[in-house]
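2 protein chains.
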Amino acid sequence: MSLDPHPPLRKHPPMPPDIDLRTHIRAIPDFPQPGIVFRDITPLLHEPAAFRAANEQLAEIARSFDATLIAGIEARGFLFGTPVAERLNLPFVPIRKPGKLPADRASVFYELEYGHDSLELHRDPSVDRHRVVIVDDLLATGGTAAAAAQLVEELGGTVAGYAFVIELDALEGRARLDGHSVQALLHY
Amino acid sequence: MSLDPHPPLRKHPPMPPDIDLRTHIRAIPDFPQPGIVFRDITPLLHEPAAFRAANEQLAEIARSFDATLIAGIEARGFLFGTPVAERLNLPFVPIRKPGKLPADRASVFYELEYGHDSLELHRDPSVDRHRVVIVDDLLATGGTAAAAAQLVEELGGTVAGYAFVIELDALEGRARLDGHSVQALLHY
Chain C
1 MSLDPHPPLR KHPPMPPDID LRTHIRAIPD FPQPGIVFRD ITPLLHEPAA
51 FRAANEQLAE IARSFDATLI AGIEARGFLF GTPVAERLNL PFVPIRKPGK
101 LPADRASVFY ELEYGHDSLE LHRDPSVDRH RVVIVDDLLA TGGTAAAAAQ
151 LVEELGGTVA GYAFVIELDA LEGRARLDGH SVQALLHY
Chain L
1 MSLDPHPPLR KHPPMPPDID LRTHIRAIPD FPQPGIVFRD ITPLLHEPAA
51 FRAANEQLAE IARSFDATLI AGIEARGFLF GTPVAERLNL PFVPIRKPGK
101 LPADRASVFY ELEYGHDSLE LHRDPSVDRH RVVIVDDLLA TGGTAAAAAQ
151 LVEELGGTVA GYAFVIELDA LEGRARLDGH SVQALLHY
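Each protein sequence line maps, in turn, to chains C and L. Just so you know, this note's numbering puts 50 at position 50 of the first sequence, and the rest follows in order with no gaps. Just so you know, this note's numbering puts 51 at position 51 of the second sequence, and the rest follows in order with no gaps.
Please note: incorrect hints may appear among the correct ones.
Claimed, not checked - Where chain C lies over chain L, by a calculated footprint (3+ residues, C-beta under 8 angstroms):
hint, stretch
1, 26-40
2, 47-59
3, 78-89
4, 99-113
Just so you know, the hints here were simulated from the structure itself, not pulled from any lab data. Yeah, the Cβ is synthetic: ideal placement off N, Cα and C, and Gly gets one too.
Sequences are here, hints too, so could you generate the full structure?
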């Protein structure tokens, strides 16, 4: 593409072997409701070497899925999504909550434990014919992640896979993701 | 810091002189309400070379302000904030809408044209004694940006400056920012 004479940003320094991402994730009991342990990524964001290590690993996953476009889910998926897209020199699209995207868009409604929610994706700039890797911080029950895939597919993209920072294994979210490839950096 | 033996990520390729960021910002009339022209950054996100150019320029601004920490305002400020923090090898904190941050936090309420809103920031990981550069996509009336500064200062940080992708000059937002340094890549 004429706008892009530069090589992809792959030449980051190698990771030191002693960064344990798990030490940068904080457990917050009873958030957002009693009985839930929230996995908080803000300590990870605050430690540049650890954050870089996480982004490197997510980018490596997206590369292994042959991504041609990165989609990030609002809002924490944005934090990791653009660093991954930059590393792979790929376009990025934001998958957003209702009322945020200003142009022509597709919407999908999905069920939550109590009530429902929805997500939106612009028709242009397009995911059409792209191999899309969906990036988010957390895979829990998989409802949001499945809705994101539905949007991508409705607009002509292929879901090449998912890259999460954290997967909550007991919630079996990946069973809702239609056999798509799923990788996470950390499992709880 | 022992975790961080690597040099900062400053060695990105130089920008070609022919990237005009303005061509990657789309004007959407009558969003979110009649009479408003919304400046949409999603085309910029979709073009890797242009997105990289924007992040380089934002990082250069933050560097010129002697930033020691980058804060991004939910949600579009996250898209640019983490790439800037990575380039400068600095910690990042998310400034979020109410109910999103799980740990002990400060809140600030602020007036909007109709009604009010609020923003929150964790007390830990801390901005205390940091020179904080606040990153967001857009400076409009400045209400959100001023609230973000109030949070940073309440928690012991200094606002070293603001870096925006776009400034809507006619709304005179910078007049609300208490004389803090403000730079934007594009003016409308």
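Structure-based check of each hint:
1. 26-40: holds (count 6)
2. 47-59: Our answer is that it holds, as 7 residues pass the Cβ test (under 8 angstroms) against chain C, meeting three.
3. 78-89: holds (count 9)
4. 99-113: holds (count 5)
Going through the hint list in order, the structure satisfies each hint without exception.
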